[in-house]
Amino acid sequence: MDDTLIRLRDDAASAAPVLAFAELAETTNAAAVRLSPGDDARALLPLLGQLELVEVEFPGFNDGRGYSAARILREHGYAGELRAVGQVLVDQISHYHRCGFDAFRPDQPIARAAIDKAIATWPEVYQRTVDGRAPIWALRHG
Amino acid sequence: MYQYDTHDQAMVDARVAEFSDQVARRLSGTLSEEQFRPLRLKNGLYLQLHAYMLRVAIPYGTLSSRQLRTLGDIADRYDRGYGHFTTRQNIQYNWIRLEDAPAILADLAAVGMHAIQTSGNCIRNTTADHFAGAAPDEVADPRPYAELLRQWSTFHPEFDYLPRKFKVAIIGSETDRAAMKLHDIGIQVIRNDAGEEGLRVHVGGGMGRTPMIAPVIREFLPPLQMISYLEACLRVYNRYGRRDNKYKARIKILVHEIGADEYRRQVEEEFAHILTLGLEPPPAEFARIAAQFADPAFDPQAPEAIDRSDPDFALWVDQNVHPHKAAGYGIVTVSLKPTGGIPGDASADQIRLVADLARDYSFDEVRVTHAQNLVLPHVRRADLHALWQRLDAAGLANANLDLISDIIACPGLDYCSLANARSIPLAQKISQRFADPARQRDLGELKLKISGCINACGHHHAGHIGVLGVDRKGVENYQLLFGGSEGADTSLATIIGPGFSEDGIVDAIETATGVYLAHRSEGERFIDTYRRIGTAPFKEAIYG
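Going line by line, the protein sequences match chains R and G. Following this note's numbering, the numbering of the first sequence begins with 1231 at its first residue and continues without gaps. Following this note's numbering, the numbering of the second sequence begins with 203 at its first residue and continues without gaps.
Simulated from the structure, these hints should not be mistaken for lab results. Any given hint could be a false lead.
[Said to hold, decoys possible] Derived SDA-like pairs (lysine to any residue); straight-line CA-CA distance at most 25 Å:
id: 1; chain 1: R; residue 1: K1347; chain 2: G; residue 2: S230
id: 2; chain 1: G; residue 1: K527; chain 2: G; residue 2: E647
id: 3; chain 1: G; residue 1: K450; chain 2: G; residue 2: R239
id: 4; chain 1: G; residue 1: K448; chain 2: R; residue 2: D1270
id: 5; chain 1: G; residue 1: K367; chain 2: G; residue 2: R228
id: 6; chain 1: G; residue 1: K369; chain 2: G; residue 2: K450
id: 7; chain 1: G; residue 1: K631; chain 2: G; residue 2: R674
id: 8; chain 1: G; residue 1: K450; chain 2: R; residue 2: D1293
id: 9; chain 1: R; residue 1: K1347; chain 2: G; residue 2: S234
id: 10; chain 1: R; residue 1: K1347; chain 2: G; residue 2: E235
id: 11; chain 1: G; residue 1: K367; chain 2: R; residue 2: D1293
id: 12; chain 1: R; residue 1: K1347; chain 2: G; residue 2: A226
id: 13; chain 1: G; residue 1: K367; chain 2: R; residue 2: G1290
id: 14; chain 1: R; residue 1: K1347; chain 2: G; residue 2: T232
id: 15; chain 1: R; residue 1: K1347; chain 2: G; residue 2: R239
id: 16; chain 1: G; residue 1: K448; chain 2: R; residue 2: G1316
id: 17; chain 1: G; residue 1: K631; chain 2: G; residue 2: Y284
id: 18; chain 1: R; residue 1: K1347; chain 2: G; residue 2: A311
So that you can see chain G by itself, here it is in the shape it has in the complex (with noise of 0.2 Å):
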């Protein structure tokens, strides 16, 4: 993993000083409002319905256990007990008074954390494949780079007032498990057919109200030019894209309105000058970098075979352990979806207690998933019934990951000043109806996703099965969308007939999943039943 030296540790040290110099300029009312919000936003500090909410940022969603005990310590010691881990593998605090932000950036800092960016109208924090560095079929960990974009990104002076936020997603295997494509840049580390190892590059991605797969823009970048051609799309977008309208600002809608071929070629041209100017860090830096991030020291001799005649434990392997690269180890992920939950929410106790399993268990690692989620990502097999009962102890044995109560979810209009509808509670409904773990395994890999309000931060364009909340004349409804992929098959989900109430989105989708199993072909999941048949047999089922 990454360690902060003393230059990292030099720029979040002086980050909290500004801060807490800009918190007490806003208390004692020498900054308004309106010129506090941007510089709070910077440092993930949002004022929602009912109270602050710091939304805190892990780069590429990786954590030490030291650092993710601190979180655990924070929801105790300034909210009320719990944190809320997001779709952009960052945690958010839902309870935070303004006068303890300073406190809070402080204690972060200490173990070389931050909330540096993750809102505004800057680049956000930088996500990732959250299996890099233990996925069998990767091409090449694509953390170091994700951490050569951290650092870069970091209080850049030029793109610090884009058009609208922009957000970097980076993977290193053909399986995408980062939404990759639906960013506003999408990297993909690759090997050409020479066996050199370099980056594609997707510009124009998104969600939000005008979904957007990323076309690519660079088939093949040399990797040591990557903060090269950033700052030339970065900056093409920052003079061009539209601030006239900020529901058109996106770099997809530039990207859409000039046209892949003409953005590519103005890149390129900005790209051609900007490679005269030795902005890019030396080969020497990657290799500090990627030093960081070499593998542990795994044992060669760890067993592949386990004991599975605990059938819930079996379960739970079959379900939650994923193959690693490395022989006898496997990739754990911890459910954060337990029946009637809180989709992505952890109490203090539950967070420290995986930080202690990521000590004892897994080289002392943890990620965090966009599906809202916690990964240990190097668990030797031997260790994995230990692991288990550890885990169901504090009930985060839930053996669901991929099925359809492994629910993403915004925080909605429980939390959210930009909602239109609740999310929580649907998702806590749908995972109540669908509790039987037996028909969850039946209907197989589901992804179901709830969005709150059009902006999408619940990923429904992505669902296999998508919900979007919306206000109809002053009351809840929500719509329901079929189709979406964000894997390496991305797909956007359209909207499939009119809206339904809070109960009545949960009988549809009971509906979805019956024509579903009358329809599938041996070993077809949902989508690709969907793909197969089309609308029309759901839209009978459902509106008959």
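So that you can see chain R by itself, here it is in the shape it has in the complex (with noise of 0.2 Å):
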């Protein structure tokens, strides 16, 4: 599975155990965790100093829940390592890339290349999201 793993960070990779969300009740030093689609990113908030890492989970490429939750926890100040996991595809990318993620770990592997240029789709975007870009209305008027 591993070798699938494409991260766009410079730091090493979370070495500590990735639990379920469910999982996160039992334990009060959590660094690693994986959401599901219908898991609340929200409960997560109260964690982010000590999170790591971060999986989103996608089991089907058409369900959008996890762009919101990757954007939540950006929005909310999260810094680590946060990886959409799962049908990942390459002409999903770049919606991934604005809501935040920085790693991927998609079923199917993904050349490295193919995901720089998916991610340079947008020459100029028109939304201010998390990923520092300015949108046109700001590129507008300065």
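Starting from the two chains in their separate frames, assemble the complex, guided by the hints.
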């Protein structure tokens, strides 16, 4: 499985065991957790200081809940690794990146070059999100 | 009208490049049909019964003459010489080859158009009042807000894989010409008691198999918080809308199941957070857009009086020309409902003619209506006769706006892979049955809407008379509904009894018009009489 992992981060990947969301209640020092589509990302907010890795699961590419989960975590200051896992396809990479994902573990491997190309799909963007890009309205008005 | 700047152009150009690459990967087999499907749908490309269908976005139904002419040229070059205007103010081409789709998108991009998000489970093309900027009863022009929405919703990364499709409509008048309350989000620009402009936001309306009228979720929103508020509305939906059953996945089901109050509470909580993030475009951006929708240079001396000596012309003026906010001007609706024709269809030559007329008589502007007609919004009354003559020569001067032959109909089983029954032949039969213009005028305003399946693209729930095509043991069967309206008095039509064959429903509709004529009081429309006397006299006459 690890061979499909692509990280856009320079730090070392977390070695902590990845807990399922439901297991969080049984521990106080979790450093890595996996969110399934129905899990409430806001429940992680008290733990943001200790988390190194959040995996967001996409069992199907067309279940978009993980985009909101990712963006919520970043909007609240989460700076650790945010990894999209599962049916992660190259045509959705740009959206993942704009919502704060900085690592991907697709079921089917994607070449690093294809990821870089996908992230560069849009020369400009209309919305301010969490990727730091200035939206077109900001470019227009400085 | 809004003009693309280099930023807008860069975005549609990038889309053409991206989709060209996706089509190439599909044609080479690198992409499976399953993987390609959501990608082509986000470019408006459907696989229908006989061919690919391409749906082109007409943002808030507004076109320049150059854009409309391109739509006519595309019909000639890539289709069979005609196009179909839809109930969402878009245009569809029914006979498209997959290989041609990238070239069509490139032709569209050259005039600042696209097919972005005209399908798929994303935020669709925003619709608006087709009389925006021209109607005398307007509080404020909704188009600057609609353009702001267009930009915000284009390639929105968080809301591209929603539980289901998402449609927003916006109006700026008390008179609702956009079926606003029957949308996932309906926005009305209003003025409060202090005279401040703001937005009233309805959420959770829709047609389809579970029709609902959207409740008000925000009574008054400061106008420059619209994007932040919609981010909140969409985020709550994206997270909590149902994904277990596609028939219960629209936002109306979420709002209905948790209740408007609880939905409002969740949105307000999210909104408070989002307001801290600085997502809202600045006032200068709204002002930049609004300036492009400033009034054209109306002639203050334009005369009001016209020569009504030609009786056919006078009838057309009375039926198809609305009062304009500027003295000496009128709003012209070009009927795409000739007797026995296909509602909303126009030939390439007709499309190009309307483009020429817009250039010559309407400050270069055209609108598409959700009732599948075209509008020339700013015509000098002194030019009406010359305009009418050119329309008449092209078969476009039918004086039937809002009459029984001004039928809304979906493509139905002649084209659509979802349909259960044909809509077009039925619309043609009804139009022929009531072909006599004097009889139509006597019946007055009567909105007849036909859907070929429960998905309600033909707005049958909102018809004064609605027709729903169903499949009954392999035979097309048509159910009859009465009492719907999409206006400020929005109501949902109800089925009155057992269904009919294609000929039987035409007879039943004729019988219903007889009941109306026998019972109407002075000044009552069909819908008014129906609301007053109820279903019983109609049922008695039809099923007796």
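Hints the structure fails to honour: none
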